[in-house]
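Protein chains in written order, with the UniProt record's numbering: chain A, 1 to 258; chain B, 1 to 152; chain C, 1 to 416.
Worth double-checking, as some hints may not be accurate.
Using C-beta positions, here's what the derived DEER-type ranges look like [to be verified]:
id, chain 1, residue 1, chain 2, residue 2, range
1, B, Ala-67, A, Glu-237, 35 to 41 Å
2, B, Val-115, C, Arg-154, 22 to 28 Å
3, A, Arg-112, C, Gly-348, 16 to 22 Å
4, A, Glu-237, C, Ile-195, 43 to 49 Å
5, A, Asn-250, C, Glu-40, 38 to 44 Å
6, C, Lys-155, B, Asn-118, 47 to 53 Å
7, A, Val-248, C, Gln-304, 54 to 60 Å
Negatives, chain B to chain A, calculated, CB over 12 Å [what the hints assert, rightly or not]:
id, residue
8, Arg-43
9, Val-47
10, Pro-49
11, His-57
12, Leu-80
13, Tyr-112
14, Ala-113
15, Val-115
16, Cys-122
17, Val-126
Think of the hints as simulated: they come from the structure by calculation, not from any bench. All C-beta atoms, glycine included, are put in the ideal place defined by N, C-alpha and C.
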Amino acid sequence: MNEDKTTTPVDSGRRGFLGTAAGVSAAALVAPGVFLHSVAAAPRTEAVTDAVRWGLLIDTAKCADGCSACVSACERENGLDLQEPHSATSKWEQQQAAWIRKVKLQDNQTGRITNLPMMCQHCEDPPCVDVCPTGASFKRADGIVMVDRHLCIGCRYCMMACPYKARSFIHQPLTGQLTAVPRGKGCVESCNLCVHRRDNGEDSTACVDACAAEGHGAILFGDLKDPNSAISQRLREIPSRQIREDLVLNTGVRYAGV
Amino acid sequence: MAKAVVRIGLVALGLVWGAFAAQAAQADEVKRYVVEGSQAAERSACVEPTERMRRMHMEFIQHQRIATVHEGIRDTQYSLTGCVDCHISYDANRNPRPINQPDQFCGACHRYAAVDLNCFDCHASVPNRPAADAEAAHRAAGVTGAPHGGGH
Amino acid sequence: MKRVVYREWRIAPERYWSLLGFLAALIGVAALSFGYMEHEGHWVSGMNNSVVWGMPHVFAVFLIVAASGALNIASIGSVFKKPIYKPLGRLSGLLAVAMLMGGLLVLVMDLGRPERLIVAMTSYNFSSIFAWNIFLYTGFMVIVIAYLWSMADRKGGPFNYSIGLFALVWRLALTTGTGSIFGFLVARQAYDAAILGPMFVALSFAYGLAVFMLVLLFSFDEEGRPIGPRLMRRLRNLLALFIGVALYFTLVYHLTNLYIAENDSLEHWLLLSGGIYTFLFWVGWILAGSLIPMWILYHPVLSQQRDWIIGACALVIVGGFAAMYVIIIGSQAFPMALFPGHTIIESGFADGVNGAAAAYWPTIPEILLGLGGVAMALLITAVGVRVLQFLPESLADDVVAPDEETLDAPPFAKPA
């Protein structure tokens with residue numbers, strides 16, 4: 001059913017550009033077949049351990065109103081921009097998958113406005129993992145909460161249980177998925193802290209890079225268990241909190257200034 | 001009675017021969033689905049002897065998927081991405097053809113064996129990422145327009 | 001007091017087959033809806049990333065809850081030793097199995113990847129109430145089938161009480177488990193309440209009995225089998241009592257929420273300004289589903305008339321669906337309190353901007369799928385009563401056991 005459609009480029013302009021860019025940079029950087037960054041960042045050979053715990057620190061003071069660089073970077077990185085609308089616009093907005101979103105809030109009492117990105121908070125005790133009947137929703141040893149799509153039956157109980165509304169269900173059939181980010185109709189998914197980057201030993205996530213490139217630097221990524229990591233140091237310096245602290249989920253994503 | 005036995009025997013023989021011939025033809029058919037210049041092209045067999053691959057490839061990648069998804073191990077020799085990288089073929093415009101299409105490497109055999117193939121419901125059926133081995137292979141094969149997405 | 005004789009349901013073949021044809025057609029349409037939703041993906045349904053469970057779940061949960069409730073009649077007969085209910089035990093068990101099958105079918109057909117059901121059967125996460133429910137549901141079916149055997153077969157008689165007791169405990173666990181699917185969710189304000197477990201048990205009493213009474217009255221009327229006023233009075237009073245119990249739990253649930261300041265906004269929305277949910281709560285759940293049926297059932301004149309009793313049962317079922325809609329969909333539509341004390345004024349993912357509820361409107365395939373589950377339950381029942389001896393020949397006053405009985409009295413209604 002979906003074989004024939006796949007050859008239609010979903011975004012040929014973007015792919016063409018990336019292809020050329022990759023080609024050019026490759027030609028500039030490497031001897032045939034070898035990429036420079038593949039020397040620095042090699043695929044993992046050993047199982048992840050709980051010696052690290054990946055997390056994010058979001059400084060809402062630096063998060064700019066109207067900027068959505070992190071959102072579009074995430075969509076590009078994880079192929080979410082390849083989703084094609086199926087239902088009517090207003091309905092589709094509720095049905096398409098999103099891993100990260102910008103939220104703007106106002107304090108009811110003081111009127112103070114805060115901007116922040118919301119994504120999977122990578123809880124230490126994730127409710128989505130508790131409720132998943134098949135164990136498809138799981139927490140990796142390094143703290144990343146993700147979905148094993150091979151086990152996901154699409155019951156959406158995890159979406160009922162997530163206090164952050166971080167998860168999305170794939171409502172539509174799709175083709176042209178990215179190699180690094182498999183995705184299929186009928187499964188649930190959410191932010192996985194760019195797990196393919198983690199496993200290739202890279203430094204950051206797409207949203208962090210994009211935010212830094214915009215000059216905001218509102219998001220910090222790193223190992224929460226390493227006391228010398230930038231994120232741990234920053235967390236010691238400035239006051240931060242978890243969203244819905246009352247649930248005591250010990251989230252891996254922390255916010256400053258809310 | 002004896003006649004009937006002989007006749008049945010002949011028919012059976014014919015069927016068996018037919019099946020083998022078809023299988024051989026199928027095998028010849030799929031040989032061209034190894035990307036020139038890819039790792040596979042330089043080897044006599046896939047990551048395991050061909051016969052073993054034919055029977056066991058699902059076990060290999062199924063075992064691998066647990067290691068990759070749950071433990072983050074991505075360097076082992078078995079990988080679905082690897083299947084696609086080496087066995088993809090290209091149309092006249094040098095566009096990769098989805099590997100699960102009924103006339104392609106995975107699709108053809110699975111159709112022949114009537115085995116459901118749903119890896120590519122979710123996984124990319126063409127090399128769809130920058131960098132990595134596929135890139136070099138495709139360039140060596142003279143393919144310039146290989147599609148890319150995000151991911152590193 | 002005569003011996004109770006059970007006999008197959010022998011209505012005229014043309015009438016029987018047209019009934020079966022109608023139910024089969026409904027199931028066929030539901031199968032088509034399932035195929036459509038499965039092929040296209042869930043975007044054709046009204047469900048979205050905010051309201052993730054929709055109309056199929058309303059039907060499925062109603063059927064599952066009513067299934068456990070339908071078994072009450074059998075329990076009252078064999079566990080609580082009320083002989084007047086004994087002749088009803090078989091139909092009660094059959095309905096329970098049939099409705100559970102119907103409900104589960106709807107639930108499964110709505111999965112994103114129903115072809116992976118085998119995964120749900122082989123890979124378990126025991127911290128999930130859902131996983132426990134898979135065992136509770138399949139176990140329930142096995143136990144009730146054994147229960148039916150003990151009621152119908154002479155050899156099963158000695159085990160009747162123990163199996164019945166086990167089935168009763170199991171069904172209480174099952175309904176509590178079903179309620180806990182929602183009650184243990186801390187994420188959403190309307191769900192985060194342990195009372196949902198017992199509340200579902202109370203609701204199941206009322207829904208199960210209402211469905212049971214409708215099926216009993218319909219099948220008896222169709223074939224002209226008599227039901228005496230004594231039994232009618234018992235069933236009627238029991239239903240009224242169960243509605244009252246359900247209403248009590250509903251009241252406590254909302255009073256608790258009203259008392260807790262953080263849930264003020266939820267209650268204000270649900271009880272006053274929630275649009276369709278407010279309407280369904282007051283008009284569907286409370287008025288049509290509880291108060292009017294209670295009024296009918298306690299009314300000195302109306303409660304004597306069979307048609308009014310049928311009407312009351314139907315209203316309880318309508319109210320049940322309204323209640324499920326409010327509990328399942330309304331609770332999801334109300335925005336999650338991500339930032340207490342703040343108002344979300346912009347969001348890229350429908351986070352309840354300015355307190356707006358999430359949009360959900362059921363689509364036709366969803367409703368047809370749900371109706372298919374109901375049809376499946378009725379079809380199983382219709383086939384069951386036709387081929388096996390589920391229905392007593394008569395429930396006239398001279399057949400059923402007297403009202404007053406003592407525990408040490410010998411059972412009046414022996415298995416036929």
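Classify the label on Val-126 of chain B as holds or violated, using whether its beta-carbon is more than 12 Å from each beta-carbon of chain A.
violated, 7 Å
Do the Cβ positions of Asn-250 of chain A and Glu-40 of chain C conform to the proposed distance bound of 38 to 44 Å?
holds, 40 Å
Would you check whether the claim that His-57 of chain B is not at the interface survives, using Cβ distances to chain A and the 12 Å cut-off?
holds, 16 Å
Take a look at whether the Cβ-Cβ distance between Glu-237 of chain A and Ile-195 of chain C falls inside 43 to 49 Å.
holds, 44 Å
Should the hint that Val-248 of chain A and Gln-304 of chain C are 54 to 60 Å apart at their CB atoms be regarded as holding?
holds, 57 Å
Find the nearest Cβ of chain A to the Cβ of Cys-122 of chain B and say whether that gap is larger than 12 Å.
Since the minimum Cβ distance to chain A is about 3 Å, Cys-122 of chain B lies within 12 Å and the statement is violated.
May I ask you to test the hint 16 to 22 Å on the CB atoms belonging to Arg-112 of chain A and Gly-348 of chain C?
holds, 21 Å
Is the Cβ of Val-47 of chain B more than 12 Å away from each Cβ in chain A?
For Val-47 of chain B, whose nearest Cβ neighbour in chain A is about 15 Å away, the distance exceeds 12 Å, so it holds.
Does the Cβ distance between Val-115 of chain B and Arg-154 of chain C fall inside 22 to 28 Å?
Between Val-115 of chain B and Arg-154 of chain C, where Cβ atoms are some 51 Å apart, the hint is violated.
For Lys-155 of chain C and Asn-118 of chain B, compare the CB-CB distance with the range 47 to 53 Å and indicate the outcome.
For Asn-118 of chain B against Lys-155 of chain C, whose Cβ atoms are near 48 Å apart, the range 47 to 53 Å holds.
Was Pro-49 of chain B rightly flagged as not at the interface, with every chain A Cβ beyond 12 Å?
The assertion about Pro-49 of chain B holds, with a minimum of 24 Å to chain A.
Over 12 Å to the closest beta carbon of chain A is the bar; see if Tyr-112 of chain B clears it.
holds, 16 Å
When each numbered hint is compared with the structure, violations occur for hints 2, 12, 16 and 17.
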